[in-house]
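As you go down the protein sequences, you meet chains A and B in turn.
Counting in the numbering used here, the first sequence runs from 1 upward without gaps.
Counting in the numbering used here, the second sequence runs from 1 upward without gaps.
Since the hints were derived computationally from the structure, they do not count as laboratory data.
It is possible that some hints are incorrect.
You can't tell identical chains apart in this list, so a pair holds if it fits in one copy or across any two.
As the list claims (entries may be wrong) - Cut-off 30 angstroms, straight-line C-alpha distance, at most; resulting in silico cross-link-like pairs (DSBU-like, lysine-lysine):
| hint | residue 1 | residue 2 |
| --- | --- | --- |
| 1 | Lys-11 | Lys-253 |
| 2 | Lys-166 | Lys-243 |
| 3 | Lys-106 | Lys-243 |
| 4 | Lys-100 | Lys-314 |
| 5 | Lys-10 | Lys-243 |
| 6 | Lys-309 | Lys-228 |
| 7 | Lys-243 | Lys-49 |
| 8 | Lys-242 | Lys-106 |
| 9 | Lys-11 | Lys-49 |
| 10 | Lys-106 | Lys-11 |
| 11 | Lys-166 | Lys-106 |
| 12 | Lys-166 | Lys-228 |
| 13 | Lys-253 | Lys-100 |
| 14 | Lys-228 | Lys-133 |
| 15 | Lys-242 | Lys-253 |
| 16 | Lys-106 | Lys-253 |
| 17 | Lys-10 | Lys-242 |
2 protein chains.
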Amino acid sequence: MQESATFDAKKAMEAYRTAFENGSSEFLTRYPETELYAPVRYLMGLGGKRLRPVLVMAACEAAGGRPEAALPAALAVELFHNFTLMHDDIMDDAPLRRGKPTVHEKWDNNTAILSGDALHVMACEALLDAPDKALPDLLRTYHRTALEVCEGQEQDMAFESRSDVKIEEYMEMIRLKTSVLLAAALDMGGKSGGADEQTREALYEFGLHVGLAFQLQDDYLDAFGNPKNFGKQVGGDILADKKTFLLIRALEKAQGADFEALQCELGRRSEGKVQRVLDLYRHLGVDAELRDAMAGQVSLAEGALARLKSHNPKALKDSGGALALLHGVAAMVTARLS
Amino acid sequence: MQESATFDAKKAMEAYRTAFENGSSEFLTRYPETELYAPVRYLMGLGGKRLRPVLVMAACEAAGGRPEAALPAALAVELFHNFTLMHDDIMDDAPLRRGKPTVHEKWDNNTAILSGDALHVMACEALLDAPDKALPDLLRTYHRTALEVCEGQEQDMAFESRSDVKIEEYMEMIRLKTSVLLAAALDMGGKSGGADEQTREALYEFGLHVGLAFQLQDDYLDAFGNPKNFGKQVGGDILADKKTFLLIRALEKAQGADFEALQCELGRRSEGKVQRVLDLYRHLGVDAELRDAMAGQVSLAEGALARLKSHNPKALKDSGGALALLHGVAAMVTARLS
Chain A
1 MQESATFDAK
11 KAMEAYRTAF
21 ENGSSEFLTR
31 YPETELYAPV
41 RYLMGLGGKR
51 LRPVLVMAAC
61 EAAGGRPEAA
71 LPAALAVELF
81 HNFTLMHDDI
91 MDDAPLRRGK
101 PTVHEKWDNN
111 TAILSGDALH
121 VMACEALLDA
131 PDKALPDLLR
141 TYHRTALEVC
151 EGQEQDMAFE
161 SRSDVKIEEY
171 MEMIRLKTSV
181 LLAAALDMGG
191 KSGGADEQTR
201 EALYEFGLHV
211 GLAFQLQDDY
221 LDAFGNPKNF
231 GKQVGGDILA
241 DKKTFLLIRA
251 LEKAQGADFE
261 ALQCELGRRS
271 EGKVQRVLDL
281 YRHLGVDAEL
291 RDAMAGQVSL
301 AEGALARLKS
311 HNPKALKDSG
321 GALALLHGVA
331 AMVTARLS
Chain B
1 MQESATFDAK
11 KAMEAYRTAF
21 ENGSSEFLTR
31 YPETELYAPV
41 RYLMGLGGKR
51 LRPVLVMAAC
61 EAAGGRPEAA
71 LPAALAVELF
81 HNFTLMHDDI
91 MDDAPLRRGK
101 PTVHEKWDNN
111 TAILSGDALH
121 VMACEALLDA
131 PDKALPDLLR
141 TYHRTALEVC
151 EGQEQDMAFE
161 SRSDVKIEEY
171 MEMIRLKTSV
181 LLAAALDMGG
191 KSGGADEQTR
201 EALYEFGLHV
211 GLAFQLQDDY
221 LDAFGNPKNF
231 GKQVGGDILA
241 DKKTFLLIRA
251 LEKAQGADFE
261 ALQCELGRRS
271 EGKVQRVLDL
281 YRHLGVDAEL
291 RDAMAGQVSL
301 AEGALARLKS
311 HNPKALKDSG
321 GALALLHGVA
331 AMVTARLS
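Let the sequences and hints guide you as you build the complete structure.
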C-alpha cells in the first residue's frame, strides 16, 4: 500500500473509532446505573480495536452512505461481540480479558450469565434505531449470524474432546465462530449505506475471507510470532494442546516416528515442549501450509474488494478513506507476519 | 363465570394451544438437528400450559385480528420464556423443570448457557415473521420487556443475601420478573390483531395485574395450598427461607416475641418449622393480607378488561371465546384458592 493510502486508512480508522466511541457512550446512557448493567459498562469500557464497528462504518461509506447511518448496526455488532465474549469467557473459564479480570472473575458466573443476556438484548435495541425500511433485512442478517456464531462456539467446545478433527471441520468452525460476524458487519454496513445486493455480497465475502485470514494469523502468531510484538505468551496454544490449524494439519500429515513424537507431547507439559512441537511443525511443513492458507484468504478478500470497486466506481471514489481502510485491513494480515 | 362462558373459554384455550403447538413444531423444523439445538427441542418438548402464547392469540382475536396473525409474537414470547427458564435454572441450580432434569443437569452448564443463547436468538427470529409494518413496534415492546425480565431476575438474586427487603421492592421485583412478560404477551397479541393504542394499554394492564395475581397466588399456595392439588411440596418456600410476600410482610409486622420466634426459624430446618411459621403467618394476619392483595390485583385486571370491552364492543362481541378466556384467566386466580 502506498504511503498516502496508509495515511488515509489510518485517518479513516481513527475517525470511525471516535464516532463509534461517542455513539457508544451516548447509547449506554439510556440504561440505568444498576447492578445489571455494571458488567456491561465494565466490559465495553475495556476497549479494544473496535475493528467490527469500524468495518460497519467503512462499508457504509464505501456503499455511498454517511458513516453516521451505520451507527445502529455498528453498535449492534460490537455489543453482540462483547456479549459473546462475556459468555465465552465463562465457558472457557478464562481469567483475563484485555489484561483485566473477566466479568465472571470480577463478579461471578451468575452475574456474567445474566448481564450477558442483558447485553444481548441491548445489541438488539441498538439496531432498532436503524430506519424502519432497512430494519427487517438488517435483523435477518444479524440474527442469522448470531446463530452461526453460537454454532461455531458449540463446535469449538466439541473439538476439545475429539482427537480426529479434520482441517475442513476446523475451517468451518472458525468461519462460524469468527468470520461470519466480520462478514455481517460489512454487509450490515453496506445495507445501512443503501448498497444493492451485489455490493452487499462483495462486502460480505470480503469480510468472510478477512475474518478467516485473521483467525489463521492468530494461529500462526501464537506459534511463530515475535514475543516482543505479540502481546500474549507465544506457544500458549501448544502448551494447551489447542486444536489449531497447525496441530490439526500436523496430526493429519505426521507418520511413523513424527506421529509418535507428536502424540507423545499431547496431554503433557514437559520442559521444552513448545520448541519440540515447533520443530515438528516446521519439519512437517505445516507452517508454510498455514502461510499459504492465509495468503489464499487475503487474495480472495482482495478479489471481493476488486468486484466491489468495479461495481461501485463512483461511491468508492468519493470515499477514499473507507476504501483505503478496507485495503489496509486486508494488508494488515500479511504485514503482521513479517 | 357462567357455565357456557367457561365452556367457551376452555374451547378457545384448547384451540389456541393446538394452533400454537402446530406452529411451534413447524417453526422448529427450520433449525438443524445438531447438538446446539437438542436442549432447545428438549425444553420446548416438556410442554407446560402455554399460557403466554395462548394469551397472545386471545388478545389478537379480542382486538379483531385472526389468531394466526399472532403466531410470530406467540412463538417469540414462549421461546423467550423458555430461554429464561434455561438460564434461570443454571443460576438457581435447579435440578428439575416440569418434573424432568433441567438442561444443565442433563447436559452441563456450558451447554445450557450456549443453547439458551441460541434459543434467545430463535425467539427474535420467530418475531421477524410478523408483518414488516408491525415489526418495529413489536420489537420495541419485546426487547424492552426482555430487559425488564433480566432486571427482575437480578433483583430476585440480590434479595437472597438481604434481610431488609421491603414489600414495595418485592412487588416491583415480581412485576419485572413475571408480570411484564404476560403484559407484553397481551400487548403484542393486540398489536398483531391491529389494536389501537388504548386497546393495547388496556391489554397490557390486564396482563400486568393478572401476572401479579398469579405470582402472589404461587406464594399463597406454596404455604397454604392443598397438597393434593398443588403439585409441588407445600412449605418449600418456608423451608428455603425464600423471601415471599408472606415472609417479607411477616418480618415487617412482627414485634417482640413474634419477631424473635420468626428470626429463630430462619437459616435452620428444624422439625416442625413449616407448621410453626404457618402459625406465625396466621397469627400476624399476613395470610389475609396476601389474599387481599391478590383480590386487589384480580379486580384491577377486571377493570382493565371492562375498559377493553367498552372501547372495542364490536371486536369483542365477535370473539366470544377470546373474551371468555380472558375473563376465565382472571377468575382462575381466585378459583384455585378455594
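Consistency of the hints with the structure:
1. Lys-11 - Lys-253: Neither. Shortest intra-copy (45 angstroms) and inter-copy (66 angstroms) distances fail the 30 angstroms Cα cut-off.
2. Lys-166 - Lys-243: within (10 angstroms within a copy, 53 angstroms between copies)
3. Lys-106 - Lys-243: both (29 angstroms within a copy, 27 angstroms between copies)
4. Lys-100 - Lys-314: For Lys-100 and Lys-314, the Cα distance exceeds 30 angstroms both inside one copy (45 angstroms) and across copies (61 angstroms).
5. Lys-10 - Lys-243: For Lys-10 and Lys-243, the Cα distance exceeds 30 angstroms both inside one copy (34 angstroms) and across copies (56 angstroms).
6. Lys-309 - Lys-228: neither (37 angstroms within a copy, 73 angstroms between copies)
7. Lys-243 - Lys-49: Classified as within; 26 angstroms inside a copy, 45 angstroms across copies.
8. Lys-242 - Lys-106: Cα proximity of Lys-242 and Lys-106: in one copy and across copies (26 angstroms, 27 angstroms).
9. Lys-11 - Lys-49: Close inside one copy (14 angstroms), not across copies (58 angstroms); limit 30 angstroms.
10. Lys-106 - Lys-11: neither (36 angstroms within a copy, 52 angstroms between copies)
11. Lys-166 - Lys-106: Between copies only: 28 angstroms across chains, 37 angstroms inside a chain, cut-off 30 angstroms.
12. Lys-166 - Lys-228: neither (32 angstroms within a copy, 56 angstroms between copies)
13. Lys-253 - Lys-100: Neither, since 39 angstroms and 46 angstroms both go past 30 angstroms.
14. Lys-228 - Lys-133: neither (49 angstroms within a copy, 55 angstroms between copies)
15. Lys-242 - Lys-253: So Lys-242 and Lys-253 pass the 30 angstroms test inside one copy only (17 angstroms; across, 59 angstroms).
16. Lys-106 - Lys-253: neither (43 angstroms within a copy, 38 angstroms between copies)
17. Lys-10 - Lys-242: neither (34 angstroms within a copy, 57 angstroms between copies)
Hint check: violations occur at hints 1, 4, 5, 6, 10, 12, 13, 14, 16, 17; the rest are consistent with the structure.
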